[in-house]
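There are 4 protein chains.
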Amino acid sequence: MILEKQNKIENNPLKYEDYEGPELKHGQVIVKVQANGVCHSDLHIIEGDFPLPPELFPLIPGHEIVGEVVESKSDIQIGERVGIGWFYSACGKCEYCISGKENLCPYATVTGINHKGGYSEYVALDSTYVSRIPDNLNSVETAPLFCAGITAYSAVRRLNIAPNDRIAVFGIGGLGFYGLQLIRLMGGKACAITTSHKDVAEKAEAAEITDKPSGHYDGAIVFAPNSKIVQTAASSVKSGKTIVVPAVMDKIEIPFSSFMWEKNITSVASGLRKETRAILDIASSEGLISMVHKSKLSSANEVLNNLKQGKVKGREVLVP
Amino acid sequence: MILEKQNKIENNPLKYEDYEGPELKHGQVIVKVQANGVCHSDLHIIEGDFPLPPELFPLIPGHEIVGEVVESKSDIQIGERVGIGWFYSACGKCEYCISGKENLCPYATVTGINHKGGYSEYVALDSTYVSRIPDNLNSVETAPLFCAGITAYSAVRRLNIAPNDRIAVFGIGGLGFYGLQLIRLMGGKACAITTSHKDVAEKAEAAEITDKPSGHYDGAIVFAPNSKIVQTAASSVKSGKTIVVPAVMDKIEIPFSSFMWEKNITSVASGLRKETRAILDIASSEGLISMVHKSKLSSANEVLNNLKQGKVKGREVLVP
Amino acid sequence: MILEKQNKIENNPLKYEDYEGPELKHGQVIVKVQANGVCHSDLHIIEGDFPLPPELFPLIPGHEIVGEVVESKSDIQIGERVGIGWFYSACGKCEYCISGKENLCPYATVTGINHKGGYSEYVALDSTYVSRIPDNLNSVETAPLFCAGITAYSAVRRLNIAPNDRIAVFGIGGLGFYGLQLIRLMGGKACAITTSHKDVAEKAEAAEITDKPSGHYDGAIVFAPNSKIVQTAASSVKSGKTIVVPAVMDKIEIPFSSFMWEKNITSVASGLRKETRAILDIASSEGLISMVHKSKLSSANEVLNNLKQGKVKGREVLVP
Amino acid sequence: MILEKQNKIENNPLKYEDYEGPELKHGQVIVKVQANGVCHSDLHIIEGDFPLPPELFPLIPGHEIVGEVVESKSDIQIGERVGIGWFYSACGKCEYCISGKENLCPYATVTGINHKGGYSEYVALDSTYVSRIPDNLNSVETAPLFCAGITAYSAVRRLNIAPNDRIAVFGIGGLGFYGLQLIRLMGGKACAITTSHKDVAEKAEAAEITDKPSGHYDGAIVFAPNSKIVQTAASSVKSGKTIVVPAVMDKIEIPFSSFMWEKNITSVASGLRKETRAILDIASSEGLISMVHKSKLSSANEVLNNLKQGKVKGREVLVP
Ligand SMILES: [Zn+2]
Ligand SMILES: [Zn+2]
Ligand SMILES: [Zn+2]
Ligand SMILES: [Zn+2]
Ligand SMILES: [Zn+2]
Ligand SMILES: [Zn+2]
Ligand SMILES: [Zn+2]
Ligand SMILES: [Zn+2]
Ligand SMILES: [Zn+2]
Ligand SMILES: [Zn+2]
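Protein chains in written order, with UniProt numbering: chain A, 1 to 320; chain B, 1 to 320; chain C, 1 to 320; chain D, 1 to 320.
Hints were generated in silico from the structure; no laboratory data involved. Check before you lean on any hint, since a few could be wrong.
When chains are identical, the list treats them as one kind, so a pair holds in a single copy or across two.
Claimed, not checked - As a list, the in silico DSSO-like pairs of lysine-lysine whose alpha-carbon atoms are at most 30 Å apart: (1) Lys93 x Lys73; (2) Lys189 x Lys101; (3) Lys93 x Lys189; (4) Lys101 x Lys238; (5) Lys274 x Lys212; (6) Lys101 x Lys212; (7) Lys274 x Lys101; (8) Lys73 x Lys101; (9) Lys189 x Lys274; (10) Lys203 x Lys189; (11) Lys238 x Lys93; (12) Lys251 x Lys212; (13) Lys203 x Lys294; (14) Lys251 x Lys5; (15) Lys308 x Lys296; (16) Lys251 x Lys8.
Isolated chain A, as found in the complex (with noise of 0.2 Å):
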């Protein structure tokens, strides 16, 4: 699905074209895509809400890529299976990328922005960044995890959960359905904040579920992109810790009585290869759940218009 220039989705701008196929370079491996989970973010790419400049289009979105290796110029075999997230590749020798950061690294490119993505049939993929899928993971349910669940993941990791710890989640959509999962997973209490989303917070067997925090929280995380919310969040949790705001909102404004006393306030830039493989170790081994839809990747333009008008539950996944 191929985009010559950034247009309103129901426009239809995402064409179901012949493409040539990607050039393999030394170090690549070129995925026959299986699933591509599809992320808010790309209805932002596609509709121009992220100025982008015109070498890089024609475009291809999709930065939740699962596939089968069919060609390989590197140690990755033919046949395995791999993933790719929203970042692509990273230089490898700046101060991020040679401290286990390379979420940072200001040199990293972007799959689906600055690579075709997986709202195709084949890609091309840097051999040394993509993360291998384990043999009891289907590749539908899998797709999401490269970047709505290693989100989640990161902002989970940031809070140093001990066990018990009663953890307040701010907005149970997807995220937030992985997040209350790997809290839980991780040895504390996942408590979510939610008045429309009873029911996913009850699928991810939430310890608390109320419409209103209770407070004394030993950490928040804060998925909704409100900034209101992250007031709410930071007035909540104990003195001494921390609120992780892995969302995307136009500032953070917070009355200093709810910041002082030493809380933290941070946010998440997504992408460790870590990480990745953590929550794909997870999933394999734990049998941390996704809420998926399978869709035709020829029905791309009309599912994400489905995803602007709010219709889409859980996570659309585009099957080639």
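Given the coordinates of chain A, work out where chains B, C and D with the ligands should sit on it, guided by the hints.
The following block gives chains B, C and D with the ligands in isolation, referenced to the frame of chain A:
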């Protein structure tokens, strides 16, 4: 100097009167005050910016106290020199107290508010919470370490400075003067951002002194009580780095573009005993410099008036 | 049960005699003992493997105490249930006490050595150091948490378990039983290395149970008091990983080839209040299982005799 | 200087012969060697203490290399100065490489063993793993930083030095000389334990220089390859503190009484790029001193003979 009722400093609300000396309880010491630093918070307490319940009056302010023990119902000997800061005591058994974070104890009491403070000749202090003064330190220069000093120390320690990290310091007054010195003594490069206080930064041997932040800092401390400066600080540190805000202001407000990329923002609640002992140890062996001006205790109203009008350079210390 | 003089347990050195009840000091509580776990150290204390000065006698052993408060000169109410372990009290102001490491305090005193312990009907405890017992825990099953439990907890916490880390546990007795459960509850994979206690490992729901270590572990704990096993543990963890040794033995001896590659070896001095409270909280909410056998206090000599002869399975708990 | 076969240094096994210059591969640079430090490991490699497979011969030793880039198939420019140490390259994708611990990579290769090293005029280096040399550093003094320097740096960093921590250093040779300086530059008090090298400790401006450890250290580093000294170090640090052992010996053996109370013992596998860059940065801005003696490359056998006989003071650096 007794405060009967909160009132503007212009009205000389502190009265120099005889006050029945403090009673000595089990575990306490009576200290003959040798020096008491004048903190900006004293002004807020006296003028009523912090509302206080009537049962706390008459009140004696002062929370940067150094003096000699003259009576003791504890293992501290008569003749020893000790000091106390903002935190007078904590409960000793809450989750914070048992984790080395007594400054977050919800039962903490405050010197000069809950207990008669250092604007006097004698104070009763809790032997568990005072710190001994190393012999080679003089009382007048040491008093300001008990609030200004440890707040700066605590802020600097939050940054986990690696050798040669460039740390931006915004607000080069009394706390900033200590902050710059401490960054240098911990192996970092102290970068003072200041237009009006370059002389102070030079005296602190700052590695860089500029009007405007050059950016790419490995951390930042905001001693200036100004939300705009927190924004500037946030946008001038590298990805993944921390902005420590010991200053008090009405709110934290930062555009998301300056917050994303895993930046951390945190506040400081000063007063750990281990921090106090550390800064006394540093002062004793490394020659940490204080900028102090000695005044008579009886001139407290006048000194505070000058402080309010911005006429004080360095730290005023009252001597009975 | 009073010990006049250290002596072999076969000689029934503990006498069941009336003892003048403890005196209640400021800050203390008198506790009616409901349960006291029998620890292997008790045997060493009684038999004289730890030489003790004469002024400590007559001595009453016992350092896994749970009981009800019947008198109080503190903020703990009569009727509350509390417990205490090996560490009876610490100084509250040394560098360890003020850093949340009271278990390293050089002035710490020990229950059942410096103070009359739990082999009795009433004990006087320091209200600052006891821990409250959650209502849904029964006293007999809870008593062993105060030494066996927190030692295991402390060992596991030293490993900073990441999700799915494979942790090898050597020595699957009472402590190992808790250790395996805690590793699982903190999100790790508990790997029991045992030939004779596979049933215990199964009851603890260990993820892997083997005769011999498979290697490549992300950490190891050695509960078996045997220097050879420390060697085995060191050679079976990955580079950069930690071997925790809560067991006591005469020396640590490891070939350099098993130590190099940044491995870490560390011991455990149990007893932090925050660890005690954490394990009580986990037991209360997660259903941590204890394996206990109840005996009469008056049969203490017999119980210790059985322990010495290796006839005890699980933990013996004495009830007055 | 080519080594055809491992042999005693007395037999002058290194031959000064023409060797076909290295071939330039994708991602590599050709470096004209300006200086190569002589490390004690070179002697072990040459004399056969480390058995090496025949396919590695003829071998060119040398792993403290600084030189100028004369050809490049990478983003490093001709004319830039770069250096490399023991670790020549790592895999870039194993669990260690993606966590900033490339020195533990099981696929790491070694300069002067797996690749022709610095006892030569030209070497081919991997552009991803070399470090750029700051302009104000001269090549001869900088070369030893690439093995001796970063090993000392890595050891010191493992101690998480708090301001004024007293750190004991055992073994005051080349590495110890760097170690003492680095402890001081990171805000600690460097305590040299030495009988024969007090002059070196003085030159490093150690805070304490003694024959015997005074005890109560906040950490210790053992640069002397001697198991007895590890025992001494363990017994002379405070409870809860760390003993770092960068030296290589046959075993670690410590009485339990010196190990208990939560002491930590750990080894060092040197070579992280971030550590290398950090020490170069420190050398560039802080004036870290090297003690070097320059010799001709062609005299390598003689220099190594002197090293073996203990005649070398400071670090020998070979210049082509
Ligand atoms: Zn996404
Ligand atoms: Zn959106
Ligand atoms: Zn990079
Ligand atoms: Zn103050
Ligand atoms: Zn408290
Ligand atoms: Zn015990
Ligand atoms: Zn025993
Ligand atoms: Zn203590
Ligand atoms: Zn070397
Ligand atoms: Zn690797």
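Discussion item. At most 30 Å between CA atoms: does that hold for Lys251 and Lys212 within a copy, between copies, both, or neither?
Written reply: Both: 23 Å inside a chain and 23 Å across chains, each within 30 Å.
Checklist line | Up to 30 Å CA-CA - Lys296 versus Lys308, copy category | finding: Classified as within; 18 Å inside a copy, 70 Å across copies.
Fill in: Lys101 and Lys238: within-copy, between-copy, both or neither at 30 Å Cα
The answer is both: 28 Å in one copy and 13 Å across copies each meet 30 Å.
How do Lys251 and Lys8 come out at 30 Å by Cα distance, when the copy is not named: within, between, both, or neither? within (25 Å within a copy, 37 Å between copies)
Exercise. For Lys73 vs Lys101, is the C-alpha pair at or below 30 Å within one copy, between two copies, both, or neither?
Worked result: both (26 Å within a copy, 26 Å between copies)
Up to 30 Å CA-CA - Lys5 versus Lys251, copy category: within (29 Å within a copy, 41 Å between copies)
(Q) Regarding Lys93 and Lys189, is the shortest C-alpha distance of 30 Å or less found within a copy, between copies, in both, or in neither? (A) between (39 Å within a copy, 24 Å between copies)
* Asked: Given identical chains, is Lys203 near Lys294, meaning Cα to Cα at most 30 Å, within a copy, between copies, both, or neither?
  -> within (20 Å within a copy, 41 Å between copies)
- prompt: When no copy is named, should Lys238 and Lys93 be tagged within, between, both, or neither for a Cα gap of at most 30 Å?
  reply: Answer is between; shortest inter-copy Cα gap is 17 Å, intra-copy 39 Å.
Practice prompt. At 30 Å max between alpha carbons, let me know whether Lys93 reaches Lys73 within a copy, between copies, both or neither.
Written response: both (22 Å within a copy, 16 Å between copies)
One pair to classify: Lys203 and Lys189, alpha carbons no more than 30 Å apart. Within, between, both, or neither?
both (15 Å within a copy, 24 Å between copies)
* Asked: Checking Lys189 and Lys101: alpha-carbon separation at most 30 Å within a copy, between copies, both or neither?
  -> both (28 Å within a copy, 23 Å between copies)
Violated hints are absent here; each numbered hint is respected by the structure.
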